[in-house]
Amino acid sequence: MPKRFDQARPFLTLALVGLAWLLVPVVVKTFTRASFFELTAPLSVAPSYARDLQEYWTLRLHTNSELIEAGRDLARLNASYEESVQQNLSLQAEIARLEELLRLPAYADYRSEHARVVRRDFSGWWQRLVIRKGQNYGIPVGAPVIFAGGVVGRVSEVHTYTAVVELISDPTVRLAAVVEGETQPISFQGGINTTFDPPKGVIEFVPLNVFASSTMPKKLVTSGLGGVFPPGLSLGTITKVEPSLDGLYKTGEVQLDPRLMSLTEVTVLVPRNPE
Amino acid sequence: MRRTLVTFFTLLLLWVLLAEVNHGLGPAHVYLFAGGLFITYAALVLPLRDGIAAVMLAGLVCDASAPVRVGTHLLLFAAAHAVVFNIRDRLPRDETVARVIVALLLNLGLFLALSFALIGRGPAPGAVWPRLILDLVCSQVFIALVAPWFFALQARVLVVTRVERDPLA
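First to last, the protein sequences are chains E and B.
The opening residue of the first sequence carries number 1 in the working numbering; numbering runs sequentially from there.
The opening residue of the second sequence carries number 1 in the working numbering; numbering runs sequentially from there.
Rather than coming from a laboratory, the hints here were simulated on the basis of the structure.
Fair warning: there could be bad hints in the mix.
Stated by the list, open to error - Ranges of calculated distance between the beta carbons of each label pair, as one might list FRET restraints:
1. B:Leu112 - E:Glu55: 51 to 57 Å
2. E:Thr30 - B:Leu108: 51 to 57 Å
3. B:Leu17 - E:Ile95: 47 to 53 Å
4. E:Leu43 - B:Val141: 50 to 56 Å
5. E:Trp57 - B:Asp89: 51 to 57 Å
6. E:Ala96 - B:Leu13: 32 to 38 Å
7. B:Ala124 - E:Ser214: 38 to 44 Å
8. B:Asp166 - E:Gly71: 57 to 63 Å
To be verified - Counterexamples of contact, computed for chain B against chain E with all Cβ distances above 12 Å:
9. Leu57
10. Leu108
11. Gly109
12. Leu118
13. Pro148
Quick caveat, the model's predicted, so the values are computed rather than measured.
The beta carbon of each residue, even a glycine, is placed where N, CA and C say it ideally should be.
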């Protein structure tokens with residue numbers, strides 16, 4: 001074989017690979033991607049089960065008196081939650097009565113599906129979680145995901161036994177928000193995730209009458225516009241607003257909940273009557 | 001074929017370990033990228049067909065778990081493999097130090113290529129660079145520490161599975 005051809009062989013192979021990849025139909029590429037995700041899913045899920053087992057054996061080391069104390073604390077918490085459930089029921093009845101009286105459209109109804117976090121994937125390029133429930137629990141693409149501190153993100157991919165959640169700190173996530181207690185919509189986008197700092201997002205199209213600073217922060221919640229997230233879920237705290245370049249609106253910075261980065265369990269809101 | 005599969009399984013192991021490390025580092029907002037490690041041994045030691053096939057399979061695994069256009073990692077890994085394979089006879093490729101340096105340079109190139117491809121998606125691309133640079137530094141330190149072990153593992157697995165002959169035998 002001529003030496004010149006031998007030297008060009010790696011690049012000829014590369015050109016062939018590139019050409020073949022360009023000519024492959026999108027369906028085949030999508031199928032390949034899904035297949036490789038499913039192929040590696042057990043490898044991702046197995047360590048999460050191992051972590052759970054590790055946690056279980058750690059808990060087994062607690063003494064009986066510690067468990068009795070924990071049980072007592074839980075009983076107190078349960079009592080206060082029962083009271084909250086009663087209040088919630090009466091408020092829901094009140095909302096239903098007002099909706100009927102004012103002929104308002106009812107809020108979307110959701111089923112809560114709790115899921116363990118399998119893998120966190122927080123790079124400067126993307127911010128994602130893999131959770132341990134997927135098509136097997138009827139989780140749809142686009143479903144909102146929440147936790148005790150507010151919004152986590154939305155489901156971006158659903159696989160057989162797992163699903164991928166795009167966090168609100170991901171640069172590509174955009175959603176409509178409002179300042180708590182107000183009605184003017186604001187555009188929220190995630191994306192500033194500096195090392196060792198809590199995640200941040202940015203807000204745009206903030207009305208000129210909104211003022212906030214680190215000493216006088218304001219809470220940002222979901223607006224309910226767009227139909228993905230129910231209204232009133234916490235997104236974060238507005239710590240800075242300043243006039244935009246055109247002077248018509250303001251832009252600002254939102255501090256997201258630092259617990260977003262260490263989640264071990266989330267709740268997927270699955271719409272009961274998807275449109 | 002056997003050489004390709006055995007090498008691919010070592011790359012799969014690397015992918016799992018890296019995912020676990022990144023899972024643990026998530027709360028600190030540090031992310032390790034080790035694309036260079038996926039390519040170096042295959043490009044420096046294996047024959048062209050076996051090496052590029054293993055590297056492309058690893059690229060498909062990385063593509064499946066990342067929100068990028070399908071084929072991004074595959075083509076980047078294949079291109080990096082072609083470049084290193086072309087110059088490997090001019091490198092002291094049997095020496096671990098040389099292999100580690102190749103892995104570091106490859107990782108730098110791949111990290112920058114991915115960064116330029118993906119950085120435009122965010123609201124403030126300029127503000128992301130300090131984070132990316134710190135991630136790159138951490139990734140390079142990680143590779144420098146892990147690469148000798150990983151190359152030894154790849155060589156040993158090929159011997160244990162009787163794909164290669166034991167050089168010490």
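Practice prompt. State the violated hints by number, sorted upward, taking the hints as numbered earlier in the document.
Written response: Failing hints, ascending: 1, 2, 4, 6, 7, 9, 12.
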